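A.B. asks: Sequence:
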Amino acid sequence: MSESVRRAIGESSVYTPRKAKVESIQPMTPSETLLELRPSASPLRGSPGQFVQVTIPGVGECPISLCSDCRETETFQLCVRRVGLVTTAIHRLVPGSIVGIRGPFGTTFPLEEAEGKDVLLVAGGLGMAPLRSFVEYILKNRDRFGEVTLVYGTRSPKDLLFREEVFEWYYEKPISVILTVDLAPAGDWTGEVGPVTIPLRSLEIVPARTLAVMVGPPVMFSYVLDVLREKGLSDDRIYCSLERRMFCGIGKCGQCQIEDLLCCKDGPVFSLSQIADRGEAL
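Sequential numbering of the sequence shown, starting at 1, is according to my numbering.
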């Protein structure tokens with residue numbers, strides 16, 4: 001990029017990646033890795049629910065949700081699943097590597113709307129990564145919330161993300177945690193077995209004071225939504241994060257368009273009342 005172009009658009013342009021150094025990189029499962037990044041100029045100051053665009057020079061760029069509450073920290077964390085060229089390159093990074101970042105972009109989880117309410121969090125698979133940032137926010141401000149319940153489902157016990165933290169929450173009970181897996185070897189698992197809807201159905205909630213947030217694979221949403229509606233939750237009290245085909249991060253390319261909405265700009269976090277009448281959303 002020429003100096004004249006750089007001056008014209010400015011170093012802080014949403015189009016221009018800024019440097020970030022890999023502080024640490026830690027495998028969590030056979031497919032997921034946790035990165036801690038330190039931006040070179042100033043802290044990221046992202047909020048739970050938002051995402052960044054990560055650039056690997058010579059390879060490409062991809063959107064990744066924040067998995068830490070970095071509003072007041074110097075570093076931030078990303079949980080990356082290896083699925084393509086860019087994410088494979090990210091898995092090969094080492095401490096000290098330099099990447100490019102743009103953002104943070106997008107809407108946040110309903111942080112203020114959830115205050116004073118019971119909060120129900122439903123995570124499926126990699127959906128635990130962005131929801132972890134919301135849990136961190138809640139734990140930092142625990143007295144602002146009522147009962148908080150996390151229902152977290154994975155394919156198998158070895159696929160649990162943030163295992164130590166999740167089991168710390170499970171045993172110390174700053175929040176209630178229900179764990180379920182699709183498949184469990186005999187004798188190796190004492191939690192639930194089956195989809196997240198099974199423990200969800202047995203939960204007792206008070207619809208008038210409960211707010212629900214679900215993050216996971218798209219196939220999960222309609223089934224979870226059916227259960228939440230059966231329990232009396234209205235659409236304006238149900239939120240989900242839709243991370244589909246996001247590319248530019250700023251609402252210009254149209255790759256993530258859902259009818260008249262742009263997932264990267266109007267979302268990725270939506271209340272159900274925003275998307276219930278848009279057939280392409282769920």
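Keep in mind the hints are simulated off the structure, nothing from the lab. Please note that a few of the clues may not be correct.
Cross-link-like lysine-lysine pairs, in silico, DSS-like; alpha carbons within 30 Å at most [said to hold, decoys possible]:
#1 K265 / K117
#2 K140 / K173
#3 K140 / K265
#4 K158 / K21
#5 K252 / K265
#6 K19 / K173
#7 K265 / K19
#8 K173 / K231
#9 K231 / K140
#10 K231 / K252
#11 K158 / K173
#12 K117 / K231
#13 K252 / K19
#14 K140 / K158
#15 K21 / K252
#16 K173 / K117
#17 K265 / K21
DEER-style ranges, computed between Cβ atoms [said to hold, decoys possible]:
#18 V14 / G191: 21 to 31 Å
#19 G84 / F167: 25 to 35 Å
#20 E72 / K21: 12 to 22 Å
#21 G58 / R142: 16 to 26 Å
#22 G58 / G146: 29 to 39 Å
#23 R144 / A208: 38 to 48 Å
Note that the coordinates shown come from a computational prediction; the quantities given were computed from them, not determined experimentally. Backbone N, C-alpha and C fix where the C-beta goes; we use that ideal spot for every residue, glycine too.
A.B. asks: All hints, please: hold or fail.
C.D. replies: Right, here's what the structure says about each hint:
1. For the given pair, K265 sits about 27 Å from K117 by alpha-carbon distance, which is consistent with the 30 Å threshold.
2. Between K140 and K173 the alpha-carbon distance is near 14 Å, which keeps this suggested pair within the 30 Å criterion.
3. The hinted pair formed by K140 and K265 meets the criterion: a straight-line CA distance of about 27 Å does not exceed 30 Å.
4. For the given pair, K158 sits about 29 Å from K21 by alpha-carbon distance, which is consistent with the 30 Å threshold.
5. Pair hint K252 plus K265 holds up; C-alpha atoms about 9 Å apart against a cutoff of 30 Å.
6. Annotation: proposed proximity of K19 to K173 is violated, straight-line Cα distance about 38 Å (limit 30 Å).
7. Simply put, K265 and K19 have alpha-carbon atoms about 23 Å apart, close enough for the 30 Å limit, and the pair holds.
8. In summary, the hint linking K173 to K231 is supported, as the alpha carbons are separated by about 24 Å, within the 30 Å threshold.
9. For the proposed pair K231 and K140, the alpha carbon gap of about 29 Å is at most 30 Å, so the pair holds.
10. Of the pairs offered as hints, the one joining K231 and K252 is violated, with about 39 Å between alpha carbons and a cut-off of 30 Å exceeded.
11. Of the pairs offered as hints, the one joining K158 and K173 holds, with about 22 Å between alpha carbons and a cut-off of 30 Å not exceeded.
12. The straight-line distance between the Cα atoms of K117 and K231 is roughly 16 Å, inside the 30 Å bound, and the hint therefore holds.
13. For the hint linking K252 to K19, the alpha-carbon distance of about 23 Å falls within 30 Å, and the restraint holds.
14. Between K140 and K158 the CA atoms are separated by roughly 28 Å; this keeps the pair inside 30 Å, and the hint holds.
15. Simply put, K21 and K252 have alpha-carbon atoms about 28 Å apart, close enough for the 30 Å limit, and the pair holds.
16. Using a Cα cut-off of 30 Å, the hinted pair K173 and K117 holds, with the two alpha carbons roughly 18 Å apart.
17. The straight-line distance between the Cα atoms of K265 and K21 is roughly 26 Å, inside the 30 Å bound, and the hint therefore holds.
18. The hint said 21 to 31 Å for the Cβ distance between V14 and G191, and at roughly 42 Å that hint is violated.
19. The hinted range of 25 to 35 Å is satisfied by G84 and F167, whose Cβ atoms lie roughly 31 Å apart.
20. Between E72 and K21, the C-beta spacing of about 19 Å keeps the proposed range 12 to 22 Å intact.
21. The given range of 16 to 26 Å is broken by G58 and R142, whose C-beta atoms sit roughly 44 Å from each other.
22. Judged by the Cβ atoms, the range 29 to 39 Å given for G58 and G146 is violated: they are separated by roughly 49 Å.
23. The hinted window of 38 to 48 Å between R144 and A208 is violated, with their beta carbons roughly 18 Å apart.
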